[in-house]
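Number of protein chains: 2
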Amino acid sequence: MRNKPIGVMDSGVGGLTVVSELWRQLPREAVLFYGDSVRCPYGDRSDDEIRRFTFKALDFLYEQGVKMLVIACNTATAVCLEEAKERYDVPVIGVIGPGARAAIAATEVQKVGVIGTRATIKSNSYPKALHLTHRGINVVSLACPGFVELVEKGPIQMDEALPIVATSLQDLKGSGIDTLILGCTHYPHLAKVIAAVLGNGVRLINSAEETARDVSHWLTEHAMTRVGLDVPEHIFYTSGDAIRFRTIGEAWLGKSIDVQFFDVWSEPGEPTKEWSCALR
Amino acid sequence: MRNKPIGVMDSGVGGLTVVSELWRQLPREAVLFYGDSVRCPYGDRSDDEIRRFTFKALDFLYEQGVKMLVIACNTATAVCLEEAKERYDVPVIGVIGPGARAAIAATEVQKVGVIGTRATIKSNSYPKALHLTHRGINVVSLACPGFVELVEKGPIQMDEALPIVATSLQDLKGSGIDTLILGCTHYPHLAKVIAAVLGNGVRLINSAEETARDVSHWLTEHAMTRVGLDVPEHIFYTSGDAIRFRTIGEAWLGKSIDVQFFDVWSEPGEPTKEWSCALR
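So the protein lines, in turn, are chains A and B. For the first sequence, our numbering gives the first residue as 887, with consecutive numbering after it. For the second sequence, our numbering gives the first residue as 887, with consecutive numbering after it.
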């Protein structure tokens, strides 16, 4: 069991920042990834749709045989994490709790900012997670539409990104926060730009890094880290365009990856459009 | 069950840095603390003695009814953590794993320093914990005898402490580490001095902070955070001098605490010297 891969699901490519951190912090572990790119983004969908898509993807990973499931998507975590913990007999970790707990540990003024997509900010998941453990934390939330597109366009150019990010984060300057949660798996790619805008006085919490840290906590505390000397094999599935996924993935992860097209909603041999056409 | 206190044991007062972080990160939680000051330090004792003392203290906390046990002492963690996990039906968290995992997340050059007491460094616990999850981490270990005494003397004076710390840490300068684990629960009190010696290029990992973070992870993921609006009650027991313990404790924690003398080794009404006299 301990040598099985860690299953990671995301609505698209954003969750690759979590994979990157898993590789960095747990280089012996194997990853099985499913990116539901054809239905991405989940953020504008109803809770019912998000639940159906997320559990179909998680069921698929679970059936492949994984020792743990990671929901590497803020929207899916907000809607499905608690139910997923009941549904599977392997541990399930989302991206919201780790970022929230790291922010509580980091802040010295009990004032924390959160940036994310409109859907994540609207869900109020980060304030809820922060207040679950520490009611005294003051939270300043800000939606940053456009950041995901900026990241997916390609390598970040500081001079191009800086004015966009500065305009978006205007309301955070002077807000008194000393800690900012990057509440979207795409945002770690913008960390340098965000740091340039907000200055040294604000510590950035990379929820991908913190999620990997909590995966590491669970695996080591339960003696479930992978053993043996063989190089772990990683497999990436996408329900979208495998070539586009590989291009972005290799740029982000810094090494070549094996990406296979697979849609959990299609029967073998059938086209894959059941949900994607009807719903977008 | 979720409203029971967190049991914290230490060989003396050092573990109060963990309590301070629990209060900061989990202000709703109640703490039941046992400091075995009369047998402190554990570091120079045999594994057999450390095991007997630690389990007697943990048994006492467990019997009071706690939802979790924290071994807030590096020596006791190194010797007893794995056995303690088997022994109790509540989770047991030590101080070594959290610091090691945080260091892996923090380092960008895969080169980590560890400072601790002679016993902790000799036990090789940190390199083992680091390599359990990441074999590629280069570890530079350094024993810092004298730091504990420096901290227990009273409030740190920068001009007095700086030359002592600078001399001790001489071998770390130029070693290429970018992350340093403060591998003793006393050392967070020296963080500013250590930072002044090593400069901005080395990130300090406060194992007390990281341990509280992992406690927070476990409690929130298992829906075991305390509920209700009443102010949590904290109880401190020491097998040593209660007045001295309270003086140090209140200085470190920044508020008044209730400290009671109690020795787990003494029968009611009997003197408390069974082990302390024979062994020191």
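Treat the hints as calculated values from the structure; they're not laboratory data. If you're wondering where the values come from, they're calculated on a predicted model, not measured in any experiment. Do not take every clue at face value.
Since the list can't tell identical chains apart, any single copy or any two copies may satisfy a pair.
Restricting the straight-line Cα-Cα distance to at most 30 Å, the calculated cross-link-like pairs of lysine-lysine (DSS-like) are [to be verified]: (1) LYS1014 x LYS1078; (2) LYS1014 x LYS890; (3) LYS1078 x LYS971; (4) LYS1059 x LYS1141; (5) LYS890 x LYS971; (6) LYS1078 x LYS997; (7) LYS890 x LYS997.
Which hints, by number, does the structure contradict?
3 and 4
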